[in-house]
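Asks: Work the whole structure out from these sequences, hints included.
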Amino acid sequence: MAGIQARFHINWPGFTLDVDLDLPAHGVTALFGHSGSGKTTLLRCIAGLERAPHGRLVVNGELWQDDTHWVPPHKRPLGYVFQEASLFPHLTVLGNLRYGMRRVVGAQRINLDAAIELLGIGPLLDRKPDHLSGGERQRVSIARALALSPRILLMDEPLAALDLHRKQEILPYLERLHSELDIPVLYVSHAPDEVARLADHIVALEGGRALACGPLVDTLSRLDLPIRLGEDTCVVLDATVAERDAAWHLARVAFPGGSLWVRDGGHPLGHAVRVRILARDVSIALHRVADTSILNCLPALVDQLAPDDHPALMLLRLKLGASPLIARLTQRSAAELRLAPGDKVWVQIKAVALVG
Amino acid sequence: MLLTPEDLQALWLTVRLASTVTVILLLLGTPLAWWLARSKAWWKGPVGAVVALPLVLPPSVLGFYLLLTMGPNGAVGQLMQALGIGMLPFTFWGLVVASVVYSMPFMVQPLQTAFEAIGERPLEVAATLRASPLDAFFTVAVPLARSGFLTAGILTFAHTVGEFGVVLMIGGNIPGVSRVASVQIYDHVEAMEYNDAHRLAAVMLVFSFLVLLALYARRPKIGKGA
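Protein chains in written order, with this note's numbering: chain A, 1 to 356; chain B, 357 to 582.
If you're looking for bench data, these hints aren't it; they were derived computationally from the structure.
Given the structure is predicted, the values throughout are model-derived calculations rather than measurements.
Beta carbons: idealized from backbone N, C-alpha and C, even for Gly.
Keep in mind that a hint or two might mislead.
Unchecked claim - Some, not all, of what chain B presents toward chain A, calculated at C-beta under 7 angstroms:
#1 Arg477
#2 Arg486
#3 Ser488
#4 Pro499
#5 Ser503
#6 Glu546
Replies: Quick look at the structure:
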């Protein structure tokens with residue numbers, strides 16, 4: 001049986017973790033939640049760095065933990081990236097990369113070379129970790145995990161300790177991982193933008209419990225789940241570049257149920273991209289508005305209405321053909337427009353972010 | 357020749373004793389320090405206190421108890437006799453055993469501090485890189501605690517060189533067997549041979565200074581965690 005079946009129960013003073021998850025065998029699964037939600041503990045339990053007193057863990061059909069069975073962490077074929085790069089200071093970059101690889105039976109040189117190439121760290125190999133920037137250190141630690149040829153990659157907020165500039169430096173490499181790796185990746189994060197960019201699936205954790213678990217696109221657009229994205233409530237859509245308008249530096253990206261104009265990111269026609277639309281950037285009109293500066297006006301169907309955190313606001317889920325969209329409105333606007341499920345409306349989307 | 361043959365014999369014995377004790381303590385003290393640094397057992401406290409006892413006990417008290425234990429009626433003495441090894445007091449190996457106990461904290465405490473400073477994370481990283489706990493100890497913990505090992509080794513060696521009370525209680529004053537440099541100086545003074553005492557004392561003084569210089573000159577680096 002492929003994928004990861006993880007059931008853990010921990011009851012420490014002031015902290016509980018109680019999850020029973022079935023995670024996919026492919027793609028990036030984000031473990032999303034605020035600090036204290038149990039996401040890092042869950043990852044550590046999967047790695048065997050923490051031992052939940054009650055639990056069962058099966059990865060790709062291999063039993064790693066149950067009541068009588070325990071595979072110690074160094075015998076689990078995984079790669080782990082810590083929040084701080086945690087390179088060994090007494091070894092060079094190459095020494096760090098080879099530390100794990102040497103201990104894996106059947107590890108191939110080709111994986112090390114591929115990891116060095118993928119993370120762009122070729123020029124750094126002879127340096128000591130002291131002489132690397134924060135972003136370089138984290139890239140080395142990701143390559144170190146990949147050089148093991150792991151069957152699963154676990155990443156614990158690999159960007160959280162970095163400033164915005166360094167994050168922007170690393171994100172493209174993570175996106176390359178996303179498209180080039182064929183092993184499951186568990187990615188712990190509390191940053192909605194990282195999740196929107198990188199994840200295919202999401203597990204939303206709060207207070208040690210999984211509130212939601214499923215494909216990212218579907219899960220983000222569920223209004224009944226209190227995933228506290230707050231200001232960042234959004235949907236992501238997987239699309240392809242369908243047209244490029246060189247004169248205005250725009251590209252039209254098509255998704256099931258419509259298409260959107262976005263700033264041209266330089267991607268060729270047919271390239272798969274991901275767009276994110278924040279709920280606060282979507283407004284509703286009952287008729288097509290003629291003279292507007294907004295490029296993206298699409299017909300949509302009202303699907304569901306739900307209250308938002310603030311009593312003045314509400315969230316509206318719409319259907320753009322097969323794709324979901326969420327709009328944040330004031331309660332007053334919704335009442336004045338008499339919005340109800342099934343209504344045909346026009347959505348105006350003020351901003352569409354190309355996230356990958 | 358500045359030093360008498362007896363002086364040289366005493367110095368050589370001192371170096372032999374200190375080296376032997378340092379090697380033995382490296383082997384005994386390392387696992388003990390590792391355990392003290394990482395255990396959460398309740399009896400970690402009492403064990404740590406016992407290890408530190410020689411720091412505060414007068415050497416003669418320690419020597420007295422060791423003499424009793426290793427003597428013909430002591431537990432260790434009877435065991436040694438039963439094994440056919442013979443008695444330890446007033447032999448070189450008796451001195452070694454006593455010095456191991458006496459210098460224990462000088463090995464264990466710097467190592468314990470160094471191991472504690474490493475923290476949990478590098479060992480967790482090693483585990484996720486397929487290193488077994490023993491493998492991680494030798495390839496991560498030992499290199500990262502390198503300066504702790506150096507400090508512990510130097511302190512242990514120097515402290516053993518400087519002991520006097522325990523030696524006198526356990527080893528007596530047998531040339532070539534238990535008459536170490538500190539005892540030899542004492543003999544010179546007793547015999548009113550002040551010139552001889554001066555020369556040997558000067559050797560000890562210079563040695564001690566050099567050892568401490570080596571230790572303190574390295575201090576700034578320790579702070580950098582190198």
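Asks: Are the hints correct? Go through all of them and say.
Replies: Each hint, compared with the structure:
no.: 1; hint: Arg477; in the structure: 6 angstroms, holds
no.: 2; hint: Arg486; in the structure: 4 angstroms, holds
no.: 3; hint: Ser488; in the structure: 5 angstroms, holds
no.: 4; hint: Pro499; in the structure: 4 angstroms, holds
no.: 5; hint: Ser503; in the structure: 11 angstroms, violated
no.: 6; hint: Glu546; in the structure: 51 angstroms, violated
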